[in-house]
Amino acid sequence: MNQKRKPLSQNATLIGVLASLLSILIGLVLGFVLLVVLNPGAALEGMTQMLTKGVSNLSSFSQVLYQAAPLMMCGLSVGFAYKTGLFNIGAPGQYTMGVFFALLFAIQFQMPWFVCLLAAMVGGAAWGVFPGLFKALFNVNEVITSIMFNWIGMYLVNLLIANMPVMLASAWGASNSDRTAALSSANPGAIIPKCGLDKLFGDSPWINISILITVLLAIVVWVVLQKTTFGYELKACGLNRDASQYAGINAKRNVVLSMVIAGGLAGAGGGIYYLAGTVQYVIEKAILGMGFDGIAVALLANSHPIGAIFSSLFVSYLQVGGSAMQPNYSPETTDIVIAVIIYLAAFALLMRGVITKALSRRKEKEASGK
Amino acid sequence: MAEDFVIEMLNITKEFPGIKANDDITLQLRRGEIHALLGENGAGKSTLMSVLFGLYQPEKGVIKKDGKEVRIKDPNDANRLGIGMVHQHFKLVECFTVLDNIILGVESTKMGFLQKDAARKKVMALSEKYGLRVDPDALVEDISVGMQQRVEILKMLYRDNDILIFDEPTAVLTPQEIDELMEIMRGFKAEGKSILFITHKLNEIMAVADRCTVLRKGRYMGTVDIADTTKEELSRMMVGRNVQFVVDKKPCEPGDNILEVENLVVPSRIHKNNAVKGVSFNVRAGEIVCVAGIEGNGQSELVFGVTGLEKATCGRIRLCGQDITNARIRDRSKAGMSHIPEDRHKHGLVLDYTLGQNLVLQRYWQPQFQNHGFIRSGEVQKYADRLIQEYDIRSGQGAATIARSMSGGNQQKAIIAREIDKDPQLLVAVQPTRGLDVGAIEFIHKQLVAERDAGRAVLLVSLELDEVMNLSDRILVMYEGEIVGEFDPRTTTVEELGLYMAGGKKQKEGQA
Chain A
7 MNQKRKPLSQ NATLIGVLAS LLSILIGLVL GFVLLVVLNP GAALEGMTQM
57 LTKGVSNLSS FSQVLYQAAP LMMCGLSVGF AYKTGLFNIG APGQYTMGVF
107 FALLFAIQFQ MPWFVCLLAA MVGGAAWGVF PGLFKALFNV NEVITSIMFN
157 WIGMYLVNLL IANMPVMLAS AWGASNSDRT AALSSANPGA IIPKCGLDKL
207 FGDSPWINIS ILITVLLAIV VWVVLQKTTF GYELKACGLN RDASQYAGIN
257 AKRNVVLSMV IAGGLAGAGG GIYYLAGTVQ YVIEKAILGM GFDGIAVALL
307 ANSHPIGAIF SSLFVSYLQV GGSAMQPNYS PETTDIVIAV IIYLAAFALL
357 MRGVITKALS RRKEKEASGK
Chain B
22 MAEDFVIEML NITKEFPGIK ANDDITLQLR RGEIHALLGE NGAGKSTLMS
72 VLFGLYQPEK GVIKKDGKEV RIKDPNDANR LGIGMVHQHF KLVECFTVLD
122 NIILGVESTK MGFLQKDAAR KKVMALSEKY GLRVDPDALV EDISVGMQQR
172 VEILKMLYRD NDILIFDEPT AVLTPQEIDE LMEIMRGFKA EGKSILFITH
222 KLNEIMAVAD RCTVLRKGRY MGTVDIADTT KEELSRMMVG RNVQFVVDKK
272 PCEPGDNILE VENLVVPSRI HKNNAVKGVS FNVRAGEIVC VAGIEGNGQS
322 ELVFGVTGLE KATCGRIRLC GQDITNARIR DRSKAGMSHI PEDRHKHGLV
372 LDYTLGQNLV LQRYWQPQFQ NHGFIRSGEV QKYADRLIQE YDIRSGQGAA
422 TIARSMSGGN QQKAIIAREI DKDPQLLVAV QPTRGLDVGA IEFIHKQLVA
472 ERDAGRAVLL VSLELDEVMN LSDRILVMYE GEIVGEFDPR TTTVEELGLY
522 MAGGKKQKEG QA
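Listed in order, the protein sequences are those of chains A and B.
Residue numbering for the first sequence follows this note's numbering, starting at 7 and increasing by one per position.
Residue numbering for the second sequence follows this note's numbering, starting at 22 and increasing by one per position.
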């Protein structure tokens with residue numbers, strides 16, 4: 007046996023990828039079982055729709071990209087925090103704040119799109135500060151505070167928008183006052199440009215350069231974590247706070263910074279989605295799900311920034327496919343099926359253990375066979 | 022002729038990535054003997070015991086119990102064969118009572134209700150028979166380390182184990198407790214129980230063991246009768262060369278004051294009182310000042326205060342004339358302080374970082390290793406390779422090895438390399454040789470003396486009196502948070518130190 011080559015059971019990257027793929031497969035099978043139970047006749051067609059819709063035509067594919075961009079940002083947010091030892095379940099709140107700041111600058115202040123996007127980042131970051139401070143100063147678990155700030159953020163945004171007449175669609179020639187104005191009528195300059203990408207995708211209304219921006223940001227996050235002293239410090243704090251304190255790293259400052267950056271990433275996700283000009287923020291009483299989907303994205307990617315690019319595409323692909331099942335299955339059903347698949351995919355960690363064990367058992371067998 | 026072996030481990034081979042932890046090792050344990058297992062850190066002792074205990078499966082080799090081949094797949098199998106083990110780090114439930122800990126896992130029940138009375142009787146009988154004093158109703162978190170160890174021993178006896186493994190049992194004990202333990206082990210031997218005694222303290226082997234098996238770098242070096250061997254012989258087998266037990270030192274030539282501590286008060290993390298109560302001392306360039314004392318008398322907190330891990334509530338600390346009482350840890354480090362911490366896993370290393378990343382933990386921010394905030398990984402690699410070479414840090418995959426996977430001795434070497442290579446004015450070393458083998462201890466002692474000879478100030482905290490007497494130029498004894506005496510190692514004795522350490526005597530204020 008070649009001594010220098012790592013045995014298969016030791017190759018962490020390969021096992022990670024294998025585990026993710028295997029979990030996805032199991033999730034798909036279970037999702038299919040669910041479809042059969044709910045509506046046997048349409049199950050096969052439904053599953054086929056779900057699995058092929060995303061690549062069936064250019065418009066659908068552009069929709070996959072369009073949805074993947076904010077998902078990726080939320081996934082990056084959660085993953086980044088996780089790498090530094092924090093569980094940022096506050097991504098939905100930070101995302102909502104990002105949405106608000108983006109729309110505020112777009113509609114109220116009539117700013118161009120990049121200013122709005124930066125504002126979205128600042129808004130999300132501002133919402134990350136609080137759990138970070140609570141954690142650093144009073145050692146309050148960030149999960150508790152960020153869940154509370156999810157709700158605080160949502161109601162605050164609802165309250166503010168409802169009391170800002172200029173922000174509402176009714177101020178811009180539409181009749182409804184339960185949602186923000188459409189950017190096309192309020193401020194077309196705030197819509198993220200397409201830079202000709204729409205021509206590539208057959209005049210799709212969905213596509214714009216946001217997917218490129220997010221991929222770029224994913225790479226930036228990876229570089230920061232992997233190549234910089236700042237990332238070295240952040241990860242050290244996440245892995246061993248005592249040792250980083252011993253090494254003179256300001257652990258408290260890093261906890262806050264880490265939450266701020268995570269918040270900024272989630273906020274940018276909100277900005278990107280709502281600055282596409284295709285959706286309006288509706289005053290509702292439910293937290294926007296995008297931030298929670300980010301947890302699944304991060305988990306699937308094993309918190310790796312580059313992995314988040316692919317896992318967000320996957321989740322987005324399922325969502326687009328799910329919407330195509332709709333005549334035969336209610337939207338709630340497709341949501342459940344998607345949830346099952348994502349949920350199972352999150353078992354990747356468990357799978358990793360199983361695969362490692364199986365591989366080393368095979369190796370042992372080989373060894374004893376020789 | 023068949024000898025009466027209770028356990029035989031024949032030709033055991035166990036590989037880990039990049040390293041053969043056990044390479045064709047044979048260990049035969051006779052009935053009713055105390056068999057020592059000796060080897061450096063990373064020699065493969067723990068791996069071998071883990072194989073015997075069913076935690077690892079060997080690639081090659083067989084294990085025999087009473088001459089019959091057995092397969093031990095997990096610790097339960099080991100237990101069924103009568104094998105019990107006292108781990109180096111005790112495996113007790115802190116918030117359970119002593120009795121609950123002993124019966125945990127083998128509780129006798131009636132209709133789902135615990136039947137503790139019979140268990141209590143059996144425990145008390147065992148405790149009496151072997152002189153293992155315990156309080157069955159005390160919580161484990163409240164009792165001394167020595168008693169915790171007795172609880173671990175009772176756990177084995179309660180399970181009727183007759184093959185007892187002791188993994189470095191004396192590392193955490195006071196000299197009196199060590200003597201007691203030796204007595205208890207002899208009692209077991211008289212009962213016909215067989216003992217495997219893992220250690221790297223040669224004195225203890227000479228005192229209590231019948232035979233000794235020596236491992237070096239994963240290989241079997243041989244088994245010797247203690248009656249026919251000497252300490253020097255054993256250490257030669259273990260390290261592969263002659264070991265100096267006493268470090269050669271030039272006479273001390275102290276220079277300027279490097280560290281000055283005045284009236285330092287540091288709060289305790291465990292209780293509400295102060296752990297350090299107004300301590301004053303100084304350390305000069307070119308001398309080793311040793312703080313001696315029994316564990317828990319404020320030495321750790323004193324170091325926390327000096328190094329900045331804990332805020333001093335009162336007092337003044339000066340390093341090279343500069344007031345650092347409230348300085349940040351990074352600034353203390355920049356001012357010339359290096360710190361070899363007491364707990365290498367908690368403070369000393371980021372265990373999930375690679376060895377290379379750990380070696381730059383104190384200086385990754387220096388221009389040598391970063392460029393506009395980007396880590397110069399080539400430089401880090403080069404630097405790590407140099408330290409690995411110079412300090413003989415052994416690991417499976419060099420600088421890329423995850424620190425967690427390295428042996429304790431090599432982890433400690435990595436920390437020492439990092440702290441000494443920083444070229445400090447003051448080196449604070451807390452129990453730098455705890456749990457290490459003679460080879461590594463010799464190496465670390467030499468390094469400390471070399472630092473002193475190079476004109477550095479060394480503040481050493483140690484629980485080992487041999488180390489204190491051997492290395493220091495001045496000795497400060499701490500008792501209950503105060504310095505109760507200052508001694509010259511050339512004119513004092515271990516006995517005198519012991520008296521002060523136990524609080525029996527105290528020097529008057531101002532006397533030195």
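Since the hints were made in silico from the structure, they are not lab data.
Among the clues, some could well be false.
Stated by the list, open to error - A partial selection of chain B residues facing chain A, derived with a Cβ cut-off under 10 Å:
1) 203
2) 205
3) 207
4) 209
5) 210
6) 228
7) 229
8) 347
9) 354
10) 357
11) 373
12) 382
13) 398
14) 402
Claimed, not checked - Below, in silico cross-link-like pairs of lysine-lysine (DSBU-like), each with a Cα-Cα straight-line distance of 35 Å or less:
15) 355(B) - 363(A)
16) 363(A) - 332(B)
17) 403(B) - 233(A)
18) 89(B) - 258(A)
19) 258(A) - 150(B)
20) 94(B) - 238(B)
21) 363(A) - 89(B)
22) 233(A) - 112(B)
Ideal placement from N, C-alpha and C gives every residue a C-beta, glycine not left out.
* Which hints, by number, does the structure contradict? -> 1, 2, 3, 4, 5, 6, 7, 8, 10, 14, 15, 16, 18, 19, 22
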